[in-house]
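Q: Start from the sequences and build out the full structure, keeping to the hints where you can.
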Amino acid sequence: MSPNVTLAIIAGALVACGVYLITERSLSRILMGVMVGGNGVNLLFLVASGAAGGPPLIGVTPKDEMSDPLPQAMVLTAIVIALATAAFLVTMAYRSFQLNGHDEVADDVEDARIRELAKADEASDSFEEIKFSDTGADVVSE
Amino acid sequence: MINAIVIAHLVVALCAPWLVRKIGSNGYLLMALAPAVGFGWLVGLGPLITTGGSYTESLSWIPQLGVEIHYQIGLLQWLLALIVTGIGTLVLLYCRWYFEGVANPRTVGILTAFAAAMLGLVTVDDLVMLYVFWELTTVFSYLLIGYDPTRRANRSAAMTALIVTTTGGLAMLVGIVTLGQTAGTFSLSAILAQPPSGTLPAAAALLMLVGALSKSALVPFHFWLPGAMAAPTPISAYLHAAAMVKAGVYLVAVISPAFADAPGWRLAVGGLGAATMILGGWRALRQNDIKLLLAYGTVSQLGFMVLLCGFGTQATMLAGIAMLIAHALFKATLFLIVGVVDHSTGTRDLTKLTGVARKMPVIAVVAGIAAASMAGLPPMLGFIAKESALESLTYLAGPDGDGTGLPALPAVLLVAAVVAGSVLTVAYSLRWWWGAFADKPKLAELDVHRPAAGFVLVPILLGSLCLVGGFLGGPLTDLIEPYAATVTTGHASHGLALWHGLTVPLWLSLLALGLGGVLFWQREAMGRVQATFPKVLGADELYTLAMKRIDTIAVEVTARTQRGSLASYTSIVLAVVVVLAGGSLLFTTHWPASVRPYDYLPQVVIGAAMIVAGVLAATSRGRVRALLLVGATGYGTALLFLLHGGPDLALTQVLVETVSLIVFVMVLRRLPKYFTNRPLQSTRWWRTVLAVLVGASVSLLALVAAGARVAEPVSVDYYEAAYTFGYGKNIVNVTLVDTRAWDTIGEISVLVIAATGVASLIFLRSRVQRVRPREGDAAFGARGLWLRASGALDPGSRSLIFEVITRVMFSVMMVVSVYLLLAGHNAPGGGFAGGLVAGIALMIRYLAAGRRELDDAAPFDAGRLLGLGLAVSVLSAITPALLGGKIFQSYDLKLTIPGWEYLETPWGPWTLFGEMHLVSSTIFDVGVYLIVIGVVLDLTRTLGAGIDIQSEQDQAPVPQPESTRARPALPSEEDQVIRYTTGGGRGHYT
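Chains as they are written, first to last, in the working numbering: chain A, 1 to 142; chain B, 1 to 990.
FYI, nobody ran anything at the bench for these hints, they're computed from the structure. Quick caveat, the model's predicted, so the values are computed rather than measured. Where hints are given, some of them may not hold.
To be verified - Subject to a maximum C-alpha distance of 27 Å in a straight line, what follows is the list of computed DSSO-like cross-link-like pairs (lysine-lysine): (1) B:Lys548 x B:Lys729; (2) A:Lys63 x B:Lys729; (3) B:Lys352 x B:Lys440; (4) B:Lys548 x B:Lys535; (5) B:Lys673 x B:Lys729; (6) B:Lys894 x A:Lys63; (7) B:Lys352 x A:Lys119; (8) B:Lys442 x B:Lys352; (9) B:Lys442 x B:Lys359.
Said to hold, decoys possible - Chain A stretches covered by chain B per the calculated footprint, using a threshold of three residues with CB under 8 Å from any CB of chain B: (10) 32-38; (11) 49-62; (12) 81-92; (13) 100-107; (14) 112-122.
In this text, a Cβ means the ideal position worked out from N, Cα and C, and glycines have one as well.
A: Written as structure tokens, this is what we have:
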């Protein structure tokens with residue numbers, strides 16, 4: 001099968017734009033990246049499905065002139081899901097503005113704390129020294 | 001039956017909390033019924049077992065792997081099962097008084113479940129099932145020891161027991177798998193009947209020994225057992241006298257007849273057994289807590305029993321099993337008496353207990369009997385068992401080590417070690433009784449309350465068995481002998497009896513008793529001697545150090561690998577794509593033989609425009625600008641779909657793109673105009689490089705993947721199948737609602753979840769909204785309006801043309817949407833496209849006249865629509881199965897309306913309705929249609945109306961002029977509640 005170079009190039013270019021945006025900190029930019037990249041990925045299905053053809057409608061297009069229907073069904077599923085995901089992400093960005101006044105994805109504070117523990121060569125919070133005391137004296141009040 | 005008994009235990013365990021809540025502590029008496037029935041049934045098996053028979057029962061479980069639940073109760077299994085159920089019954093009865101007034105039904109329930117696992121463990125024949133029961137006892141014991149998670153002692157003891165015994169359990173699992181593979185069966189009885197020989201099975205047996213040693217708390221795993229004393233005393237009594245620790249002894253006793261000759265086996269069993277016996281006794285002498293003293297005593301006895309059962313001569317096996325029975329009886333008695341003393345005096349500290357014997361003479365006598373049995377004093381059961389043990393060991397010092405090939409010196413050392421251990425046993429037995437009951441003149445008198453009669457009944461019963469057993473040497477020998485005889489190595493034992501004449505074992509016994517008495521008499525001097533021993537690093541400290549080291553290593557690794565930055569994570573993932581997937585391009589030889597530059601020239605033009613739009617979107621700073629450019633790539637994609645021959649795709653893509661644009665604009669109106677301005681960083685260049693590399697990899701991989709295709713596409717049969725089985729001409733639609741309908745079910749579920757997620761991010765407390773369009777608005781539906789709700793709008797934000805167009809277009813769009821839904825099976829369209837059109841129609845109503853207009857157009861909650869759609873889809877999927885077909889099977893109903901098929905005209909018949917096909921999968925598509933409308937309605941109501949309401953209440957972010965930031969919303973009362981309950985929110989960590 002000889003693939004369509006134009007479609008492959010468009011797909012790659014859109015994915016590249018998406019990647020550039022996804023590695024941003026601003027959630028709305030990440031969202032744009034997901035959408036652009038998603039369009040690129042959907043085009044890959046066209047590359048994989050072979051040559052262009054007539055619409056896959058019985059009675060309209062003869063069988064051997066038809067484009068492959070299976071990738072189309074998959075992409076149809078993908079674009080509707082992309083809509084739902086995008087709506088969820090944009091709401092998250094809104095919520096972030098509502099709470100923090102910006103939509104930048106901050107570094108995880110827990111990870112920073114673990115780095116401090118590592119620097120001090122300490123064990124994690126969940127670690128407990130084993131003490132075999134049966135006296136009940138060391139009741140932990142929490 | 002045995003399976004039913006195990007299950008009955010589990011049922012009782014589940015009912016425990018309910019039972020105890022209903023009828024109080026007496027519930028424990030009812031719970032004791034489960035093991036009692038088991039005990040009675042086992043007693044009934046007695047005649048069969050004692051005449052050399054065995055009871056078997058099978059249940060198929062994983063036939064593909066040859067795993068079945070196969071029980072086989074031989075003599076050893078029968079004895080162990082009697083101990084497990086008998087002592088289990090008595091301990092549960094005892095709990096009735098011990099836990100009186102203490103709400104602890106969960107712990108006792110788990111104890112019953114533990115008894116079930118233990119019963120299964122000693123009766124099951126399949127090694128895989130044995131492992132399952134084995135680990136179940138571990139898990140239940142974890143829960144039992146850690147019954148009070150607020151106490152650090154319970155937590156750490158439970159965790160230690162879990163880690164130590166599962167580590168051993170894992171070794172055992174490896175051993176079991178190896179043994180099963182080399183023997184070709186997992187049946188224990190089959191393996192024992194024909195043990196495989198060679199290095200691998202020997203190694204497997206040693207690995208199983210590791211499991212047994214860890215479970216039975218032998219050196220170097222012994223330290224978990226004293227810690228486990230943090231559990232309530234009846235639990236300790238059951239786990240450490242009758243059950244958990246006996247599992248290891250049982251396993252050793254079962255496999256040693258076949259594997260005792262494996263290299264290293266006798267060394268491990270003998271060396272570790274003797275070391276454990278001495279170490280446990282030595283440390284028991286130092287304890288002041290009478291329960292902890294017993295715990296170390298248990299460690300010591302376990303070493304002794306494993307040594308005997310594992311050494312693998314006829315005489316040691318007989319002695320080992322006799323010891324096992326004797327130990328179960330006296331140790332259970334002693335633990336239960338500790339419980340009584342603790343309950344009556346409030347302490348277990350022997351530096352405080354005094355004069356208890358005077359207050360509880362009967363208990364003191366029973367305690368004396370049990371302690372005498374432990375010390376090996378005639379005429380107790382413990383004495384005759386120990387006699388036979390010493391006898392069996394003296395044989396080892398004979399020629400050829402009694403068939404084991406053990407040289408003389410190690411054999412003598414072994415005997416000496418066991419005698420030394422017995423000396424210590426005598427000493428700590430005396431110390432225990434003295435500590436618990438004796439008068440200590442220097443101590444203040446204790447306030448002792450008399451225990452209830454039922455409470456002391458159980459220890460009295462068990463204790464008297466220690467005495468009676470001593471006179472039953474003959475019958476006991478007859479009972480155990482057949483199992484001991486399965487061992488072919490060495491002499492037969494002289495049997496269990498109180499008097500064998502003036503033999504070496506008797507002298508050794510007397511020596512142990514005498515020296516033990518001296519040790520106890522000189523206990524203060526002994527204590528001074530013990531104190532002079534240098535403190536060495538114990539196994540428990542090594543364990544703690546190891547655990548701490550593991551934890552700090554985990555912290556180091558986490559700190560290095562988890563940077564906490566989303567951008568760095570995605571970059572790593574994408575870099576891996578470039579290196580692995582992209583890098584593989586360097587080595588591939590599957591480049592396509594030929595390529596097509598394009599199918600149609602317009603593809604190139606559209607593509608160029610899309611790439612320009614994409615690059616501009618990536619570099620744009622303005623939100624709306626970037627959004628429109630992203631939209632341009634989306635519409636371009638739709639055109640490419642159309643050119644490629646996918647009208648359904650193109651239609652859906654255009655609709656989706658439109659909906660997203662509107663949704664985004666609804667949100668972006670409350671966000672700052674520009675993205676956050678970040679200083680120009682070097683990372684920007686890295687990101688560009690990464691983006692270009694990923695893009696290039698994707699393009700080239702697409703070419704290689706498509707070019708490497710050799711097989712026929714799977715969809716080649718869809719052409720016929722779509723019409724024959726799906727009764728539709730639009731193959732893409734038939735694929736969605738029939739061929740790959742499971743996929744669509746998954747997809748619509750995602751839609752429902754995402755819509756719910758969006759709604760809950762805005763409405764926080766409840767996704768259900770009250771929809772009352774007409775309430776409290778006089779202007780609603782006034783005369784002369786094109787849209788009923790527009791009268792309420794600010795005149796400045798109204799657009800008459802928009803209102804007119806909306807009024808006209810709404811009905812048209814709804815009709816089109818229904819047409820797309822119904823026609824979709826044979827022509828472009830379908831539930832997705834139809835639903836999106838209807839959704840856009842609703843969005844337009846909102847855009848033209850606000851949220852009241854939307855409520856008027858759709859006067860119901862979007863969540864109900866989503867639920868209805870999901871229900872319709874699922875019902876249409878499973879209904880065929882109820883009618884005898886398959887899930888998602890399609891039916892074609894042919895429908896004609898008589899007289900309306902054709903219109904007879906002078907020019908020939910003109911088709912009116914013709915023969916209509918009502919394909920059942922259309923109903924599935926209706927579900928999809930409803931869900932898509934629900935999603936769009938939900939998005940509009942949430943991001944449109946919801947944000948409107950938040951703005952009115954000052955809850956929306958306010959973009960700051962000349963800034964990329966917004967003023968956050970003033971926290972509302974509702975919001976604060978959420979933050980309080982989730983612990984998250986603004987400034988929580990900073």
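Q: Hint by hint, say whether it matches the structure.
A: Quick rundown of the hints versus the structure:
1. Restraint check for lysine 548 of chain B and lysine 729 of chain B: not satisfied, since their Cα atoms lie roughly 67 Å apart, outside the 27 Å limit.
2. Using a Cα cut-off of 27 Å, the hinted pair lysine 63 of chain A and lysine 729 of chain B holds, with the two alpha carbons roughly 12 Å apart.
3. Distance hint between lysine 352 of chain B and lysine 440 of chain B is fulfilled; the C-alpha atoms sit about 9 Å from each other, no more than 27 Å.
4. Distance check on the hinted pair: lysine 548 of chain B and lysine 535 of chain B sit about 21 Å apart at the alpha-carbon level, within 27 Å; holds.
5. Proposed proximity of lysine 673 of chain B and lysine 729 of chain B is contradicted: the alpha carbons are some 48 Å apart, above 27 Å.
6. In summary, the hint linking lysine 894 of chain B to lysine 63 of chain A is supported, as the alpha carbons are separated by about 26 Å, within the 27 Å threshold.
7. Distance check on the hinted pair: lysine 352 of chain B and lysine 119 of chain A sit about 48 Å apart at the alpha-carbon level, beyond 27 Å; violated.
8. Distance check on the hinted pair: lysine 442 of chain B and lysine 352 of chain B sit about 10 Å apart at the alpha-carbon level, within 27 Å; holds.
9. The suggested pairing of lysine 442 of chain B with lysine 359 of chain B holds, with an alpha-carbon distance near 18 Å, which does not exceed 27 Å.
10. Counting residues of the region 32-38 of chain A whose CB falls under 8 Å from any CB of chain B gives 4; the rule of at least 3 is met.
11. Under a criterion of three residues with beta carbons nearer than 8 Å to beta carbons of chain B, the stated coverage of the region 49-62 of chain A is upheld, 13 such residues being counted.
12. Chain B is given as covering the region 81-92 of chain A, and this holds because 11 residues of the stretch bring a CB closer than 8 Å to a CB of that chain, at least three being needed.
13. Coverage of the region 100-107 of chain A by chain B holds in this model, with 7 residues showing a Cβ closer than 8 Å to a Cβ of that chain against a need of three.
14. Under the rule that three or more residues need a Cβ within less than 8 Å of chain B, the assignment of the region 112-122 of chain A holds, with 8 such residues.
Hint check: violations occur at hints 1, 5, 7; the rest are consistent with the structure.
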